[in-house]
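Keeping their order, the protein sequence lines are chains A and B. Counted from 1, the first sequence has number 155 at position 155 by this note's numbering; the numbering is strictly sequential. Counted from 1, the second sequence has number 149 at position 149 by this note's numbering; the numbering is strictly sequential.
By construction, these hints were calculated from the structure, which means they are not laboratory data. Treat the hints with care, as some may be off.
To be verified - Within a straight-line C-alpha distance of at most 30 Å, the following computed DSSO-like cross-link-like pairs (lysine-lysine) qualify:
no.	chain 1	residue 1	chain 2	residue 2
1	A	LYS215	A	LYS87
2	B	LYS365	A	LYS157
3	A	LYS115	B	LYS45
4	A	LYS87	B	LYS365
5	A	LYS117	B	LYS365
6	B	LYS45	B	LYS201
7	A	LYS143	B	LYS243
8	A	LYS157	B	LYS201
9	A	LYS143	A	LYS117
10	A	LYS143	A	LYS157
11	A	LYS87	B	LYS243
12	A	LYS117	A	LYS87
13	A	LYS157	A	LYS215
14	A	LYS115	A	LYS143
15	A	LYS157	A	LYS115
16	A	LYS143	A	LYS87
17	B	LYS45	B	LYS243
18	A	LYS87	A	LYS115
19	A	LYS87	A	LYS157
20	A	LYS157	A	LYS117
Claimed, not checked - Derived coverage of chain A by chain B (criterion: at least 3 residues anywhere in the stretch with Cβ under 8 Å from a Cβ of chain B; other residues may be distant):
no.	segment
21	75–87
22	92–105
What the hints assert, rightly or not - A partial selection of chain B residues facing chain A, derived with a Cβ cut-off under 7 Å:
no.	residue
23	SER6
24	GLY204
25	THR205
For each residue, glycine too, the CB sits at the ideal point set by N, CA and C.
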Amino acid sequence: MNDNIVIRVEGLTKQFGNFVAVNHISFDVSQGEIFGFLGANGAGKTTAMRMLCGLSVPTSGHATVAGYDVERQPELVKRNIGYMSQKFALYDDLTVTENLRLFGGIYRMSRRDIKLKTRQLLTELNLTNERNAMVRSLPLGWKQKLAFSLAIFHEPKIVFLDEPTGGVDPITRRQFWEMIYRAADRGITVFVTTHYMDEAEYCDRVSIMVDGHIKALDTPAMLKQMFNAPTMYDVFLALARQATRG
Amino acid sequence: MNQLHSFVVKEFRHIFRDVRTMMILLVLPVVMVLLFGYVITPEVKDIRLAVVDLSRDDLTQQVVDRFAQNRYFHLTGTAGNPTQGRAMLENGQADMVLVFGEHFAEQLVHSREASVQLLLDGSEPNQAAARAAYAQQLLLAVAQELSATMGVEPRFQIQPVTHALFNPHLRSEFNFVPGNMGMILMLICAMMTSVSIVREKEMGTMEVLLASPLPPLVIIIAKLVPYFVISFINLVTILVLCKYLLALPFAGSLWAFMGISVIYLVVSLALGLLISTLVRTQLAAMILSLLLIIPTIYFSGMTFPIESMPVMYQHVASFIPARWYVAAVRKLMIQGVEVQHVARETLVLATMALVLVSLSLATFKKRL
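Turn these sequences into a full structure, and let the hints guide you.
What follows is the structure in C-alpha cells.
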C-alpha cells in the first residue's frame, strides 16, 4: 500500500516458559496510519506492544519501529515513540505545566521548545487557566487528553496507546478520537489497543489477536465483509469465540 | 544531565508537596532524638567527683585542680583508698571517683604515659558514658596543658581506665542517640525510597518512564538523590542537636563519622531499592521496610547489648547493618576512639553496601 513503513513485524514471538504469549505475528504499519490492535484480555496484545516499545525482549522474530530494531536498539526506539498507558499516568501532585516540563526534560527537548509547545498545547486543550492546577484536581476526561498530549509532546514518529479510553464517557471519547485524528494528520502513526468496538471502526486498519496469533488484519469495512457481519463487534465476537485461553 | 535534573526536581516536588512525607523526613528525626535524648541523656553538669590520690604529688594535684575548676565537675571530697572511693559511689555521695595510682606521677614523667582509674556509677548507663567522655576530654586537655607548661615533648598522655560499678559493661549500648541515628536513617532511606519507587509502579507512571529514553540508571539515581540529601541534612541536624541542646560530647573524628554515615546511607538506600523490586504495592513496601526496622531496634545494640545476647543471636545481629553502624558511631561519638578502631565496622558496612547495590541494580534491571 504505502512504502513508508514505520513498524515492521516479522514472526515476533514471546514465550514465558512453556506459555507462548505472542506466537509468530507479522504485520506492517505505515506512517500516519491509525492501527487498531484488538484482542480479548490475555490474547497477547500487551506483551506484543511491550516488545514494540522496547520494554521486553522478543524470544524470536524481528521488529523494527521507526527504522530501529527493538531488540538491538531499544534506546533509539524509545526516543522516537510516545507511550500512553491505561492509567493516564500523569503525576497527580505536579501541576499541568510541571508535568509537561518534566516530560520535555526526559525527552531532551530544549527549554525554549518546552516553553513554546507548552503554551501552544495549553491553548489547544483550553487548559491555560488550569496550567498551575494540580493534575489530581482535573476531571478524568481532561487528564486523559493531557496524557495523550504528553505522549506526543516530543513529536514522536509513533504513539502507542494502551486502552486509552477506559472509564471515560462517550462524549469525551469522541473528542479524544478527534485528537487522535489530528495527530495522524500531522503524520504521527497511532498504534492503539481498545476494547470498544465503535473505536475499532475509527481505525484505518484493525488486527485481531486470538491466543497469541493474529487471526485477522484489514480495514474495518473489509473485515465486516469478510465475516459477513454488520458491525466490528460481530467480527470480534466471531473470532474471539475461537479462543481456548483467557 | 537535563534528564536527571528534570527528574530530581520532580522527586523533590513529590516530597515537599506531601505534608506527611515532610513530617516523616524532617520532623520525626528531631522529635525522636529530643524525646530519647532529653529523657535519657544526662544533665552532665555538676558531676560530683571524689578523688583517691595515692600518688600525692604536685602533678596529681594539678590534674585535680583542673577538674575542680571545670564547670561540669565539682569536687565533693577525697578518700584515702579505692575501697572508700567505691563506698562514696555506692552510698550516692559521688558520681565519679578518680583514682591516681601510687606511681602515677613517676610513670608520667618517665614514660610520658600514665593511666588513671575512673570509677563511675553505671546504673544510668547513658549518663555514665557521657560523664566518662567528659572526664576523658578533660584529661586529654590537662595532659596537653601540662606538657606545654613543662615543655615536654612528646606530650604526656593520661589514659583513663573506666570502670562502671553496678553495670560493668557500662552498657553504653543503651545509648539512644547512635541507635536512633541508625534507625532514623534506615527508616528514611529504605522506607521512603522503596515507597516512592513502588508508587510509580502502582500509578502506572513507571511504565511510561521505562518506555521513555530515560536510562534505568538515571531513574534509580534520581530516585535516590533526594533521600540521600535529606538524610544527610538529618544527620547534621541530629549532630547539632546533640551538641548544643543535649550537650552530648562529640569526642572523635567528625570526618570519620561522616564517612561511615555515608556508607550506611548507601546500604539503606540499596535496601530500599531492593525492596522496591520485590513488591508491587506501596503498602507491601512499607511493611517490608518496617520489618527492617524491627531487627534494627533489637539487634543493633541500641536496646540490648550485643555482648549479652546468646551466641546465635549475636550471629544474627552481625547481618544487621545498624549493628555495625551503631557500634562505630558509639565509638566515634562517645568514646572518641581513633579512626583505625572503627576499621572493622567500616569494612563490614562497605561490603554490605557493595553486595546490596549490585544485587538491587541487577534485580531492578531484570524486572523491567
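Results of checking the hints against the structure:
no.: 1; hint: A:LYS215 x A:LYS87; verdict: holds, 28 Å
no.: 2; hint: B:LYS365 x A:LYS157; verdict: holds, 27 Å
no.: 3; hint: A:LYS115 x B:LYS45; verdict: violated, 61 Å
no.: 4; hint: A:LYS87 x B:LYS365; verdict: holds, 23 Å
no.: 5; hint: A:LYS117 x B:LYS365; verdict: violated, 33 Å
no.: 6; hint: B:LYS45 x B:LYS201; verdict: violated, 53 Å
no.: 7; hint: A:LYS143 x B:LYS243; verdict: violated, 50 Å
no.: 8; hint: A:LYS157 x B:LYS201; verdict: holds, 26 Å
no.: 9; hint: A:LYS143 x A:LYS117; verdict: holds, 18 Å
no.: 10; hint: A:LYS143 x A:LYS157; verdict: holds, 23 Å
no.: 11; hint: A:LYS87 x B:LYS243; verdict: violated, 50 Å
no.: 12; hint: A:LYS117 x A:LYS87; verdict: holds, 24 Å
no.: 13; hint: A:LYS157 x A:LYS215; verdict: holds, 27 Å
no.: 14; hint: A:LYS115 x A:LYS143; verdict: holds, 20 Å
no.: 15; hint: A:LYS157 x A:LYS115; verdict: holds, 21 Å
no.: 16; hint: A:LYS143 x A:LYS87; verdict: holds, 10 Å
no.: 17; hint: B:LYS45 x B:LYS243; verdict: holds, 14 Å
no.: 18; hint: A:LYS87 x A:LYS115; verdict: holds, 26 Å
no.: 19; hint: A:LYS87 x A:LYS157; verdict: holds, 22 Å
no.: 20; hint: A:LYS157 x A:LYS117; verdict: holds, 17 Å
no.: 21; hint: 75–87; verdict: holds (count 9)
no.: 22; hint: 92–105; verdict: holds (count 9)
no.: 23; hint: SER6; verdict: holds, 3 Å
no.: 24; hint: GLY204; verdict: holds, 3 Å
no.: 25; hint: THR205; verdict: holds, 4 Å
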